[in-house]
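**Q** Sequence:
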Amino acid sequence: MIGNGLTTIDNIIFDLGGVIVNLDYGLTIQAFSMLAGYDIIQQYSQRSQADIFSQFEVGRITPAEFRQGLAKLLQFEADDKAIDQAWSALILDFPPERVELVQQIGQRKRIFLLSNINELHLTTSDRKFSEAMGTNIGTLADQFERAYYSHLVGDRKPNATMFQRVIDENNLDPAKTLFLDDTAHHLVGAQQIGLQTIHITPETPIESLNLLDL
Numbered sequence: 001m002i003g004n005g006l007t008t009i010d011n012i013i014f015d016l017g018g019v020i021v022n023l024d025y026g027l028t029i030q031a032f033s034m035l036a037g038y039d040i041i042q043q044y045s046q047r048s049q050a051d052i053f054s055q056f057e058v059g060r061i062t063p064a065e066f067r068q069g070l071a072k073l074l075q076f077e078a079d080d081k082a083i084d085q086a087w088s089a090l091i092l093d094f095p096p097e098r099v100e101l102v103q104q105i106g107q108r109k110r111i112f113l114l115s116n117i118n119e120l121h122l123t124t125s126d127r128k129f130s131e132a133m134g135t136n137i138g139t140l141a142d143q144f145e146r147a148y149y150s151h152l153v154g155d156r157k158p159n160a161t162m163f164q165r166v167i168d169e170n171n172l173d174p175a176k177t178l179f180l181d182d183t184a185h186h187l188v189g190a191q192q193i194g195l196q197t198i199h200i201t202p203e204t205p206i207e208s209l210n211l212l213d214l
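Counting along the sequence shown from 1, when you hit position 162 you're at 162 in the numbering used here, and nothing is skipped either side.
It cannot be assumed that every hint is accurate.
Capping the alpha-carbon separation at 27 Å, the derived lysine-lysine pairs in BS3-like fashion look like this [to be verified]:
id, residue 1, residue 2
1, LYS109, LYS176
2, LYS81, LYS128
3, LYS128, LYS109
Here are the simulated distance ranges between beta carbons [what the hints assert, rightly or not]:
id, residue 1, residue 2, range
4, ALA82, GLY194, 41 to 51 Å
5, ASP213, TYR25, 14 to 24 Å
6, GLY26, ASP80, 14 to 24 Å
7, GLY26, GLU203, 12 to 22 Å
8, THR204, LEU73, 32 to 42 Å
9, THR204, GLN104, 11 to 21 Å
10, ASP168, LYS72, 31 to 41 Å
11, ASN136, LEU73, 35 to 45 Å
12, LYS176, GLN43, 38 to 48 Å
13, THR183, GLU97, 20 to 30 Å
14, VAL188, GLY37, 38 to 48 Å
Just so you know, the hints here were simulated from the structure itself, not pulled from any lab data. None of these values were measured; they are calculated from a predicted model. Just so you know, even glycine gets a beta-carbon here, dropped at the ideal spot from N, CA and C.
Sequences are here, hints too, so could you generate the full structure?
**A** The following block contains the structure:
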């Protein structure tokens with residue numbers, strides 16, 4: 001249900017992973033462990049903040065450069081297809097009822113998509129969206145007034161500049177704009193520029209929030 005002292009909402013900015021599409025990071029760990037021939041969980045966890053990940057997420061390196069760097073970082077050898085499949089294993093499914101809810105909200109509010117996402121994960125997400133919903137309704141990005149992907153804009157959450165871009169380019173009133181994200185620290189940048197926020201969790205998915213009642 002909606003609470004948290006929300007005031008009038010005219011605009012909603014959605015995160016993608018963990019909000020609209022289901023994720024399981026453990027599947028990527030498992031897939032890379034199979035490629036490497038050893039349990040990479042400790043090594044991956046220790047190095048998951050390595051610069052290569054942030055560079056790929058903001059589009060500063062190509063998929064080819066990322067694959068090469070990742071194989072070196074985690075010390076394994078594999079072909080491009082195997083690396084891509086392992087890297088994107090975490091992306092599960094788009095529940096149709098969740099997509100339909102977003103569409104219904106879009107008939108009443110201005111809605112936007114704001115995702116920290118790299119090129120390979122976007123390719124997989126677009127494919128899985130089409131598999132779940134068909135092609136008659138267009139692409140994932142088509143469901144929103146505008147989609148902002150970190151690797152295309154060269155910025156990412158929780159930077160306040162990322163949220164300010166959405167506000168400025170679409171003439172939104174921050175006080176009447178709601179941001180939904182499953183990562184708590186991503187909400188900070190949004191709050192800094194005056195957006196209202198809700199932390200999405202497995203216990204409180206967007207279907208449970210009565211967003212149509214805002």
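**Q** State, for the Cβ atoms of ASP168 and LYS72, whether the hinted interval 31 to 41 Å holds or is violated.
**A** Holds - the Cβ-Cβ distance for ASP168 and LYS72, about 39 Å, lies within 31 to 41 Å.
**Q** When you check the alpha-carbon spacing of LYS128 and LYS109, does it fall within 27 Å?
**A** holds (25 Å)
**Q** Has the given pair, LYS109 with LYS176, been kept, meaning a C-alpha gap of at most 27 Å?
**A** holds (11 Å)
**Q** Quick one: are GLY26 and ASP80 within 14 to 24 Å, going by C-beta?
**A** Since GLY26 and ASP80 have Cβ atoms about 23 Å apart, the given range 14 to 24 Å holds.
**Q** How does the Cβ-Cβ distance of VAL188 and GLY37 compare with 38 to 48 Å: does it lie in that range?
**A** With Cβ atoms ~39 Å apart, the hint holds.
**Q** Given a hint of 32 to 42 Å, does the C-beta separation of THR204 and LEU73 actually sit inside it?
**A** Roughly 35 Å apart at Cβ, these two residues keep to the hinted range, so it holds.
**Q** Using the beta carbons of ASN136 and LEU73, state whether their distance is inside 35 to 45 Å or not.
**A** holds (41 Å)
**Q** Would you check the hint for LYS81 and LYS128, treating anything up to 27 Å between C-alpha atoms as holding?
**A** holds (17 Å)
**Q** Is 12 to 22 Å a correct range for the gap between the Cβ atoms of GLY26 and GLU203?
**A** Distance hint for GLY26, GLU203 holds at roughly 19 Å.
**Q** At the C-beta level, are THR204 and GLN104 separated by a distance inside 11 to 21 Å?
**A** holds (19 Å)
**Q** Between THR183 and GLU97, does the C-beta distance stay in 20 to 30 Å?
**A** holds (23 Å)
**Q** State, for the Cβ atoms of LYS176 and GLN43, whether the hinted interval 38 to 48 Å holds or is violated.
**A** Taking Cβ atoms as reference, LYS176 and GLN43 lie about 45 Å apart, which means the hint holds.
The structure fails hint 5 only (numbered hints given earlier).
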